[in-house]
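Q: Residue numbers (my numbering), protein chains in the order written: chain A, 115 to 278; chain B, 131 to 462; chain C, 2 to 775.
Any given hint could turn out to be false.
With beta-carbon atoms standing in for the labels, derived distance ranges [said to hold, decoys possible]:
1. B:SER346 with C:ASP427: 52 to 58 Å
2. C:HIS150 with B:SER283: 37 to 43 Å
3. C:ASP427 with B:PRO412: 31 to 37 Å
4. A:MET269 with C:HIS150: 56 to 62 Å
5. B:SER283 with C:LEU67: 37 to 43 Å
6. C:ASP60 with B:ASN214: 53 to 59 Å
7. C:THR750 with B:ALA406: 43 to 49 Å
8. A:ALA128 with C:GLU98: 44 to 50 Å
9. A:GLY170 with C:PRO767: 54 to 60 Å
10. B:GLY349 with C:ASP427: 44 to 50 Å
11. B:SER283 with C:HIS162: 29 to 35 Å
12. C:LEU31 with B:SER283: 48 to 54 Å
13. B:GLY349 with C:LEU36: 55 to 61 Å
No lab work stands behind these hints: they were computed from the structure.
Keep in mind the model is a prediction, meaning the values are calculated, not measured.
In this text, a Cβ means the ideal position worked out from N, Cα and C, and glycines have one as well.
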Amino acid sequence: MKSEAIRLQVNSKAYGLETEPNCLLLDVLRQDLGLTGTKRGCDDSSCGACTVLIDGEPQMSCLMLAVSYQDCEITTIEGVADGSELDPLQRGFSVEGGAQCGFCTPGMILTAKHLLLNNPDPTEQEINEALSGNLCRCTGYTQILASVRKAVELMRERQPMEVR
Amino acid sequence: MSLPAFEVTRPRTLDAAVEVMTRYGADAQIVAGGTDLIPSMKQGLFAPKVLLDLKGLRELNFIRFDRERGLEIGALATISALANAEIIERLFPVLHAAAKTVASPLLRNMGTLGGNLCLDTRCLYYNQSGFWRDSLGGCIKKDGTVCHVAPGSAMCWAVFSGDTAPALLALDATVKLTSPRGVREVALSDFYVNDGLVHLNKAHDEIVTGVRVPASGAGWSGTYKKLRIRQSIDYPLAGVAVVMRKAGDGTCLEARVALTAVNPSPQLVNGVAMLAGKRYQPELVEEIAHEAIRTGKPLRTSASTMEYRRHMIRVFVRRALTELWLDGQSSS
Amino acid sequence: MSSSPQAPASPIGARIPMVDSVDKVTGLGLYTDDLTLPGTLVGRILHSPHAHARIRSIDTSAAERLPGVRAVATGQETPVKYGILPVGHDETIFAVEKVRYVGDNVAGVAAESEAIAEEALRLIKVDYEILPAYFDPEKSMLAEDNLIHENKPHNIERDFHHHFGDVEKGFAEADYVREDRFDCAEVTHAALEPHSTLAKYDASDSSVTVWSSTQVPYYLQLTLASTMQMPPEKVRVIKPLVGGGFGGKSEVIPLELAAAVLARKAGDPVKITYTREEVFYAHRGRPHQIVELKTGVTREGKLTAVEARIIQDGGAYCSYGVVTILYSGQLLNAMYAIPNVKFDGFRVLTNKPACGAMRGHGTVNTRFAFEQQLNKIAATLGIDPVEIRRRNLLQAPCMTVNDLRVLSYGYPECIDQVVEKSGWKDKYGKLPYGKGIGLAGSHYVSGAANPIIRSKMPHTTINLTIDREGIVTIFTGASEIGQGSDTMQVQIVAAELGIDVDQVKIVAADTTRTPVDLGSYSSRVTFMAGNAAIAAARDAKQKILAAAAETMATAPQNLVIEDGKVCCRDARRIALPFAEAARLAIGSNDVLEATGSYTTPESSQGGKFKGAGVGPSPAYSYCAQTVEVTVDPETGEVKIDRIIAAHDCGKALNPVCVEGQVIGSVWMGLGQAVQEEMLWENGRLMNAGLLEYRSASTLESPPIEPIIVESNDPEGPFGAKEAGEGSLAATIPAVAHAVYDAVGVWIDTLPITPEKVLKALERQKPGVRSQKSE
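Required output: the full structure, derived from the provided sequences and hints.
A: Below, the structure is given as structure tokens:
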């Protein structure tokens, strides 16, 4: 197995690195790029802790061969805040107790990010549907739901409704 | 859990992909979304020398419908794309319903139709780590000789666990394959073989490129019922897809019932044709439900028991048929 | 308190974000597996493929020769036995003579890559002599030979036989006596973060530093020292962020020792992170438990006697087992007034991974049995389940028959609150067929009054420093595991010192830098570290006020600190900023130092009988819950519609955290009630992954409505008691009760799967359904 020079576009930055074809994007992010916010929680692709956005869509980096994701824009949890300003979802998870142990939090926030971009005012059922591939063992999801709702509220405050 | 060593080829065209399969033959394995193959490779179930990554084949990522050709879906269309396609929801509700239940939103964003149709058969004794399987001494499907589900049996009873296949079976779909020998189109019902070891009627070098659903099935009512412990993530423990075409007065003109996750292949239930021309009668529904549990033969391949899965097939068939048949009728 | 026009908001009771929440939402917070040192090697463990076997020989030579392998270790090199309990030292880092379960630890490898380490494991040749194995606890108890541990006859780890009062007399006085057998499946923590340990050995001073995903850094330090035969002061344990514990990291887990041993041998840092499958083998979860329960009541529903025979399937090692079996009997008490109680408990060894402490340690399955039987009795006698509980309340403050001291007792209010909010009176027995509501209660300790290793030392100590800018730093051994330990201590210190929480920093769980705390288990942190934080802050305050009093020309007792200023009680205008007062107290020193400790009062430490040490706590939390369900009688499926959980936490120091803990407990109880279960076949775990061990997704997780009840415990910090475990147990019997109310069947075997409901419905006598719908 030969190592291969690849280029990855992560959080709007271009990275060039050498990797082997059997390296998972999850491991490349964590070990080669030091982006350890993306977590490994299982080995059978059932927990969602490794969620990243691939061209804006939440997918699991534990299923991705890094060499195959060179043409995509990859967003990890480290790319969610705007500089030092937290994303409304990050603020929501912070104040509403959506992060207890915090291990599922990066995946939850990224999945919710995609939801809110496509549906800025989701119903409770829509939030639950969207997050149903991200497991949490701490919160029972109640405070995660509240955190997403809080983010919706914060986004609305930040962008006052246009007067028609 | 590291992956075994392999090379990855990422062709941009189907022709190039076919060439790879020609060159590497049995050493190559196809991957698209990776949702089935990658976890299995971590468990040591597969160790191909070359992975043929189809994700770059834009030409296989489409969903289109016309009244002549019917519904055509490329093998690389993701399950999310299927679940979100308006045309599928409107004209092929059974496929919409089935696609929505596949795994979780994250996995639907990655998994493809081709992958879902070619899903490896699954079993409690097979989908385990290398350590675990070694501790047992392997099974008939991998590294062993015994089927632990049916120790006396000479065959493998691992079950086909795709959700979209029964929906497409019920819609009388065909599947398109390309190989160095050319293109062939085969009825989905002929694509599957009821053997956990070799469950696809597909040569190793054939690439599934898409499916076609005849236009005649457009507009049939349909539903999919799935047994699972969680309402997300889980593979089906049993699944029932039902479609029906009705006359304005509620007479059934045509119906089909297909099962998944209870046999090594998805199955069309026999005898459903007799519903044609009949008005709703609970006895008829019961007869088909009975027929279904003669077709579905669950064994201990998953966490739930065979008794319960049989029971649920019966309940699902009963409920799905009743729902579809009585839909739009005043219940009297 | 005085009536100052602008009384500053106290951080106590404030809904403030957890102090580490920004690290968590940005992904910048570091967990153990996120850490890497230069030259870090990958460690992997070879596990036993056999449930019970003697090791004839191990040949590691081929593995050692593999390029890239830096160390291989086996049991002979480190034969010192360890275990979390002093009475249960029965584990070694790697198996010495025998392996005792599929997954037991045989050897360790450190290599330059994961692939090399895995290849090296394949090259280790072990010659096993396979022995007969025991998987069923009731059969294992009959074993005469091939014992799992030679010093444990009949494979019984420990048995206890308690008798308080006189149950024979009690049953004789009863008008109704009921007996049932309950069977509760084994479940596990499944914290989302797999265990991980990074170890570094420094040959220059023969010291080891270990970063680990642990709830108990101090016990890990002691165990590393004993097993590696090093003095404890040469061992430093640092706990980074922990991605959930629930008890699964509340004792030393094999990888923690293996990483350190391999690092010493290889001379470079070694990191081991378990695969998810290995997490299941490390386990230490809640055991399969069989409860044979007999309860007597008078016609009015007054409890006269309770007798329990409990068997726990503990797996192959002791772990917390002796404590677990004792809790399962001792905490039959302190919930209701029961005059006569008998308990026969057996902790049995089998050839499966060791069970240990899991959220609600020891109490959960017994509580399910008791509450379910109480609900059955109420149904038989025609007494409302609410009423039968009210008739058996404790009269707190009181001592129970087994010498448990109960001071605060918010259970009656918990019941009132859930009854009111759920609309119980209009629902129980009155909902249409298929819909039901159930009720149950539970309780839990706020820390064990007696430490695991008996000593007169404090249970926890907290040191503070205050610098010249008035920044307070807490040095604490208490372990944040996501439950809010750090936040709680910051809030308490800020409140006591009258300053803003932003002025308080915290350094936690680093055995070199922070004082001893026993760990985050048995819900001890708020009560114990909270009280120590108060003591430390008061020590600091006293020093600051003494210095300020001199400058302000008044006596210290006339001074208070409020809103970041030292004020005079009589004339608040003369105020000294906190930092300035702190500088006065610091004087010519570098910083102001203060300290505080907590030890449980003797009156809370329990009785003198054998096993009396487990169960006593300085305070007990209480919980009542209602659960509403819809049961589909055709499929047996139980849908949870609504859960209301009232929890007496004494005082909610931070309601967001308390609600999070209560909801999380209820949810975890719900998992055990309806869908979680470890499935075994001949000692092999059939579902050692998160795909098959079905932890609920959002879609099966109902709205859970927490209600905080504040009984203000006289000894709790600001009145607080535990919040993180007590609510778990009530959920299970409340679900079972709701199923009964919906379709008229009692399910005594956990989890309550659709199939069990369906089978029970098939057995149901005709007529039940029509009764309910009338």
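Q: Could you run down the list of hints and mark each one as holding or not?
A: Here is what the structure says about each hint:
| no. | hint | in the structure |
| --- | --- | --- |
| 1 | B:SER346 with C:ASP427: 52 to 58 Å | holds (54 Å) |
| 2 | C:HIS150 with B:SER283: 37 to 43 Å | holds (40 Å) |
| 3 | C:ASP427 with B:PRO412: 31 to 37 Å | holds (36 Å) |
| 4 | A:MET269 with C:HIS150: 56 to 62 Å | holds (60 Å) |
| 5 | B:SER283 with C:LEU67: 37 to 43 Å | holds (40 Å) |
| 6 | C:ASP60 with B:ASN214: 53 to 59 Å | holds (57 Å) |
| 7 | C:THR750 with B:ALA406: 43 to 49 Å | holds (46 Å) |
| 8 | A:ALA128 with C:GLU98: 44 to 50 Å | violated (56 Å) |
| 9 | A:GLY170 with C:PRO767: 54 to 60 Å | holds (58 Å) |
| 10 | B:GLY349 with C:ASP427: 44 to 50 Å | holds (47 Å) |
| 11 | B:SER283 with C:HIS162: 29 to 35 Å | violated (50 Å) |
| 12 | C:LEU31 with B:SER283: 48 to 54 Å | holds (52 Å) |
| 13 | B:GLY349 with C:LEU36: 55 to 61 Å | holds (59 Å) |
This entry does not satisfy hints 8, 11, going by the numbered hints stated previously.
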